[in-house]
Amino acid sequence: MKSIKLTFTLVIGLLLTGITSLSYAQTSEYEIDGKTFGMPEAEVFTEDYDGPPVVGDHLSMLPNLEPLDYEGNKTHEVRIDIIAQEIEVADGVKYEAWTFGGTVPGPVLHVREGDRITFTMKNRSDEAVTITQPTKEGSPFMQQVAQNNYMKAQEATMPMPHSMDFHAGTVAKDDKWRTIAPGQSIKFDWVANYAGSYIYHCGTPSVLMHTAMGQHGVVVVSPKDGYDTGYEVDKEYVIVQSEYYLKKGPGDLYQYDYEGAQNRNPSHVVFNGHQTILHDQPLKANAGDRVRFHVSNNGPSGTSSFHVIGGIFDRVWLEGHPFNEMRGMQTVLLGASSSATIDMIVPEEGKYILIDHEFADAEKGATGTLKAGPREK
Amino acid sequence: MNILTNIAPVKITLTVLAAMMLCLTNMVGAQVLVPSGSFHSVMPEIKGEPVEVESFYLDSTAVTNQQYNEFLQDHENWKPENVPSIFAYKGYLKNWENTNADDIVNPNQPVTSVSWYAANAYCQSAGGRLPTLNEWEYSAQLMDFESTADAKEFANRLMSWYSTFDNENMGAVGSTGIENRYGIKDQFGLIMEWVEDFKPVVADDLSLDCGTVGRMQKLGNAYSYAASIRYITRMSFSPKSTNSTVGFRCAYNVETMEDKKSNL
Amino acid sequence: MKKLYLIVIFLLTAMSVSAQHNHNHSADNTLNTTEVNSEHSLYHLDAEWTDHRNETISLTDFKGAPVIVVMFYGNCTEVCPILIQDAWRLYSSVDESVQEEINVLAVSFDTENDTPEVLRKYAEYEQLDIPGWYFMTADDADIRTLAMMLGVQYSKKSDGHFAHSNLVTVLDEKGRIAQRVEGLNQPMDDAKSKIESIMAKLNK
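Protein chains in written order, with numbering that gives the first Met the number 0: chain A, 0 to 376; chain B, 0 to 263; chain C, 0 to 203.
The reader is advised that the hints may include incorrect statements.
Some chain C residues judged to face chain B by a derived CB distance under 8 angstroms, without partners named [said to hold, decoys possible]:
(1) 39
(2) 40
(3) 43
(4) 138
(5) 139
(6) 140
(7) 143
(8) 144
(9) 147
(10) 148
(11) 152
(12) 153
(13) 154
(14) 162
Please keep in mind that the hints were generated in silico from the structure rather than gathered at the bench.
Where a beta carbon is used, it is the ideal one built from N, C-alpha and C, also for glycine.
Please work from the sequences and hints to get the whole structure.
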C-alpha cells in the first residue's frame, strides 16, 4: 500500500514537472494583436570584442533621449556590455559600481513600438574598461559621457556573473535573461511590443544587490502613432529615480550596505544616479514650453511620489502607454519598476524643483532643478 | 660494518630533507586535518538536514603565485602559451603578463585567473584534489566568534566584501587574519576559490531568479545570505573561467596523507 | 498492474527529463550546445584510463573515427541501464561496417566501487563485452575533468548513489563534440546521421 502511494505521488510529481517543462517548448515567431512573439533561442558564446561598451545609434546618457530619425520600424543592433566602474554618486561618495555600459543608471535606449532589437552583451566585469576617452565609435552615449563625465567614472574590475532583463521585452526569461559568467557574451532578439518607458536591470541573484550596485537603466518605447495631443513638445527629458545602499569601506571607497538594503534604508535616493546632478546641471526650458518627462522609478525597493514644485502635470500617461492618459495630476505615484510619461506646461521664468514628495527620500537626494528662461514665443 | 655505517648517514639525510620539506610547506601553509562533522547548507534541496562531511585535509592557505609557478616548471602544458582553449578562457594568468618565469610578481599572493581545469590539474599533481563544495563550505563555517554581535558584524562585512574585492591590492596568503578553528586561513577576505563540484547537480534546476536567494537562506541571517551569493556566483562560472578574484587550495584524503606521512 | 505503473513512470520520467533538459538553460551553459559544441578536442585531456579488460588506454587511442561517450556508475540500477541502452541503440542503429570503425566509451564516476573487475562483470551482464566497447575508470580528477568537458554534472549523495546528468555524446574523428543527446530514451536519429556523415567524409 505504501509503495502504491509513493508511486502515485511520483507519477503526479513527474506529470507536473513534465507539463511545466513542456510549456517552455520553443515556438516559431507569431503575431497576436499586431504584436510579435516567439523569438529565436538566445546564443551564449565567447568573443574577443574589446571596443566601446555601448554601441547603437539610439543610446544616450541621461537625461538625454536620442531622437528617432527614421520612419516606421527598424531593427536596432544594440550592444550594452557589463563593466565595473568606480563612480561618484554624491560629493565625496565613490564606490565600485556594477554597471551596464559604465554609468548608473545605464544608457537610455530609444526605439519605436514594433521595432526589433538584436541585443548583444559581453560580461566584461573582469576587464578594465575606460568609458571617458572621446570616441566617434559606438553610440551617442559614449560621446556624451566623454564630454560630461559627471560621475567621474574610472575603470575598475569586479568579476561577477550577470544577466539582462529588459522589461520592454516579452520573452522567456530562462532563455533570454540567462546569467553569463565573466568573459562570456549573450545575444538575443526582442520586439518592443508595447509603448512606454520600461526599466532594464540585472536579474542575477541577489537581484537586490545587483540592482542596488548599479545595474539598471531605461528603454523608452515611443508609441508608433505618438501621443494623441495635437501638439509637439519643446523639450524631452528622461529622469530615473533610484536608491543606493552604501557605507564607508575600509579605504576611501564606499561599499554595499547589506543591512541597509535589507531594511530598505538607503544611504542616497537620487535622480539620474547622482545626488546633486540635476542641481549642478539643471534641466532647461522656457516659460510656456511644453516639457515631456519620461520618469522611471528603478528602485530597487523604494517608491517615488514624483512631483514638480510649482507645476501641475498637464497630461500623464501611466507607464508611458498612450491609452493610460490622465489629466491634471500634482503627483504621480510610481512603484519600483514603474514609469510615467508626463507633459507639463512651464508656467513662468524661474526655478522648478523636481522632487520625490516622500520627503525622507527627498532629503536623501531625490530632487532636481528645472530652470526656466523667459517666454520666447 | 662498513655498509651499515654508510646507510646511516643516508637515512639521516633523508629525514633532514623530509623535515626541510615540511618546513618549506609550513612557510606558505600546511595541510591541516579538518575533522568530520556536519553543517547547514544553504542549498534548497537539503531540507534542514545538516550535511555530513568526512574528515579531510585542507591546505591552510590558498595556492600562491610562487607555488603555481613551480607547478608550471614541471607541467609545461599548463603554461599560458601552451594551454588549449578548451581548458581556459583568454585571460588565463593575465596578471602574470609581461613577467618572465624567473621573476614571479607577488610570489606570496594567491594565484588567480586560473581556470577550474588548471586548479584541478594542480591539485592532482600535488597528490590531492580540489575540495568538494561541501568540504569547503563546512570548513568555512567552522569559525568561532566571541558573541552573536561579532558574528553578525562579520557577516555584514562579508556582504560588503562580495560587492567589492580590492583585487589590485590583494594581500599575501595568510594576511586576512580570518581563520577557522583549525587554522584554515583566508576562506573569506582574499579571493573566491574553486571547488571540485562548483556546479552542483541542482544548479540546473535552480532557476537563477529573484527568489533564489530567499530560497537558499536557510538560516535567515546575513551569514547564509552571503553564502547564497557565493553559491550562486560560483555555480555561474564556466570551468574555463579565469577570474582575477578566483584561486584555489587543495584538499587531501585522510588515507593519502597518512600514506605520505608513513613514507617520510 | 505493477508493470503498467512502471511503464507509466518510465514514460513520464523520459518525458519530464527530456523536456527539462531541452529547455533548461543553466547559468553557465555547459549544458548548452552552442557553448560546448566548439572546435576543441577533448583529446587534450592527457590521462591514463583503465578499461574492463584491465588494459591501459588513452583518449587519443580513439582518434580517427567517431566515438560515443556516456558517463554512468555501476550501482545505478534504474537510470544508468537506460543510458547504456541508449548508447547501444545509437551504436546498433548504424551499419555494421560503421560499427566496426567507431567506439563506445562508458565512463564510470564511481571510482570507489567500479574497479576494472567490477566493470568487466557489468559489461558481461549487459552483454556488451564486445569489441569497440570500453567500460572505463581513471583518477577522480581525470574523470571530473572529462565530465566538465562534456558538460556532465554528478555528485555523490550520502546514500552512496550519485545525482548526475544523463547525456550521450558523439565525438568526431578529432575528439570534438559533434552531437549531444540529453535525457533518457531520446530519439537517436540526429546522432546517427551525424556519425554516418562523419564516416562518409572520412571514407571519401
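Verification of the supplied hints:
no. : hint : result
1   : 39   : holds, 4 angstroms
2   : 40   : holds, 7 angstroms
3   : 43   : holds, 5 angstroms
4   : 138  : holds, 7 angstroms
5   : 139  : holds, 6 angstroms
6   : 140  : holds, 4 angstroms
7   : 143  : holds, 6 angstroms
8   : 144  : holds, 6 angstroms
9   : 147  : holds, 4 angstroms
10  : 148  : holds, 7 angstroms
11  : 152  : holds, 5 angstroms
12  : 153  : holds, 7 angstroms
13  : 154  : holds, 5 angstroms
14  : 162  : holds, 4 angstroms
Hint compliance for this structure: every hint is met.
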